[in-house]
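A.B. asks: Two chains, two frames, a set of hints: combine them into the complex.
Order-wise, the sequence lines are chains A and B. Position one of the first sequence corresponds to residue 1 (this note's numbering), numbered consecutively onward. Position one of the second sequence corresponds to residue 1001 (this note's numbering), numbered consecutively onward.
If you are wondering where the hints come from, they were derived from the structure by calculation, not from laboratory data. Here a beta-carbon is modelled for each residue, glycine too, at the ideal position from N, C-alpha and C. A portion of the hints provided could be inaccurate.
Derived SDA-like pairs: lysine to any residue, alpha-carbon spacing no greater than 20 Å straight-line [claimed, not checked]: (1) A:66 - A:29; (2) A:85 - B:1117; (3) B:1117 - A:23; (4) B:1110 - A:60; (5) B:1110 - A:29; (6) A:66 - B:1144; (7) A:8 - A:50.
Partial list, computed: chain A residues near chain B (C-beta under 10 Å) [what the hints assert, rightly or not]: (8) 10; (9) 69; (10) 72; (11) 80; (12) 81; (13) 84.
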Amino acid sequence: MDDDPVFKALADPTRRHLLDRLFERDGRTLTELESELEMTRFGVMKHLRVLEEAGLVNTRREGRAKLHYLNPVPIRLIHDRWIDKYTEHRVAALADLKTELEESA
Amino acid sequence: MTTMTASATQVYSVFVRATPEQLWDAITKPEFTRRYFYGSVFDSTFEAGSKYCGYAADGGEQYVDGEVIEASKPNKLVTSWRALWAEALAAEPYSRVTWEIESAGDGVSKLTVVHDKLDDAPATAESVAGGWSYVLSGMKSVVETGKALDE
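Looking at chain B on its own, in the form it has when it is part of the complex (with noise of 0.2 Å):
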């Protein structure tokens, strides 16, 4: 096993049998996001200037600190990014996160994650590293088969 030393600016992406504005939901209605999140739901109104922050959906602890930066629903939002899940990742500064939607034809759309501006926060670019993955595959799989991972 090699070691790796978690970028700086990491890029997912996942096809989607979803339009747009299907997805644009499942990033921002919690009936979805607590499904493949974490369990997480996000306090926003998803516009430039507004709050980000995710809680369990439990209604408790916050684990993500941040606010919009930009917003133009159904294509693309930009918020900044802190990770409040460990106390070591809650010490670095913000990062930022943006979701790209792009339709790629036949009822098909494209969602890109790009988790950038890391170079200060090393614990949390090696702590989201997998989790990526794994929300964007849960997502998927909510989305199209209205079924969570775990279900």
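Chain A extracted, bound-state conformation (with noise of 0.2 Å):
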């Protein structure tokens, strides 16, 4: 519920990497992702761990193997709840400077 897992699991570069990977192909089996990196496949699988704690990716088995999704709903909620937030803010007091440069004009 709360944003520091997310906040924390995009803090490490290998976790953005592989949520790189999953938005260029979604879907893929651990051996897959773990092929793309220079990595032991127990760090790759601990690191996915920490993006699945973090809602960041979903898995779901398709016969024996266990696929993983990205999941960019946690991103989209941190855009609208804090990015928004401030780049209104920006437009807004935009939108001033512009009220006030005409007005002294």
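C.D. replies: Written out as structure tokens, the structure reads:
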């Protein structure tokens, strides 16, 4: 429910790299993901677990395979909660500046 | 920016401070859906075999065509899904959307949306890929705070 695990998960370059790999092609096995990283299988598993606990990766079983899916919803929530808020402020500030400049012109 | 090939199976999830019954209402009732689902309302009895058609709330255009494949209130709703908001999408075959709702304890429920069977509907896969995040984030906001994202 809370943002901390998401920010922590995103604070690591390897984990961001894993998300980018899933963004390129979703629904991959650990073996597929591992082949693209210079890291032990255990290391990749550990990173995937952090991503899963933060809700950034969903897993589904398909037959014997465990497939990993990118879940962008927590990033969207951060966008809606944090980014929109500050960028809107900036837009409003620019609008104010425009009004002020135009009035003094 | 890397390009993405939208996947034939997409899995989205979100935790919402609500009961499964409240989430079921949020998925099925027009007073909720029109506030987070691009203004859409869904015409259906939400029972297996019923149609599942999404319309613009202001009474016009149909955006989604489908049928309820399986319904188990308040935990599962499976529908076929054909997007009609662009000609290229409408020309593609039906895909499938599954809503799964499970209680996660402490008054929180986990909602998972699986959009699959998109293998022969690549344009639809591409088109819905960003949309589901927007929809689920918006639904969480409406259910938890009573406010839509743009309110």
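A.B. asks: Against this structure, judge whether each hint is valid.
C.D. replies: Checked hints:
1. Restraint check: the Cα-Cα separation between residue 66 of chain A and residue 29 of chain A comes to about 6 Å, which is no more than 20 Å; the hinted pair holds.
2. Taking the CA atoms of residue 85 of chain A and residue 1117 of chain B, the gap is about 37 Å. The hint is violated against a cut of 20 Å.
3. Pair hint residue 1117 of chain B plus residue 23 of chain A holds up; C-alpha atoms about 18 Å apart against a cutoff of 20 Å.
4. With a C-alpha separation of about 15 Å, the suggested pairing of residue 1110 of chain B with residue 60 of chain A holds against the 20 Å cut-off.
5. Annotation: proposed proximity of residue 1110 of chain B to residue 29 of chain A is violated, straight-line Cα distance about 23 Å (limit 20 Å).
6. Taken as a hint, the residue 66 of chain A and residue 1144 of chain B pair is broken in the structure, with Cα atoms around 32 Å apart against an allowance of 20 Å.
7. For the suggested pair residue 8 of chain A and residue 50 of chain A, the alpha carbons sit about 9 Å apart, so the restraint of at most 20 Å is met.
8. Checking residue 10 of chain A against chain B by beta carbon gives a least distance of about 15 Å; that is not within 10 Å, so the hint is violated.
9. For residue 69 of chain A, the shortest C-beta to C-beta distance to chain B is roughly 4 Å, which falls under 10 Å, so the interface hint holds.
10. The interface hint given for residue 72 of chain A holds, since its Cβ lies 5 Å from the closest Cβ of chain B, which is under the 10 Å cut-off.
11. Nearest Cβ of chain B to the Cβ of residue 80 of chain A: about 5 Å, under the 10 Å cut. The hint holds.
12. Hint status for residue 81 of chain A relative to chain B: holds, with the closest Cβ pair at about 9 Å, below 10 Å.
13. A distance limit of 10 Å between C-beta atoms decides the matter here; for residue 84 of chain A the minimum to chain B is near 8 Å, and the interface restraint holds.
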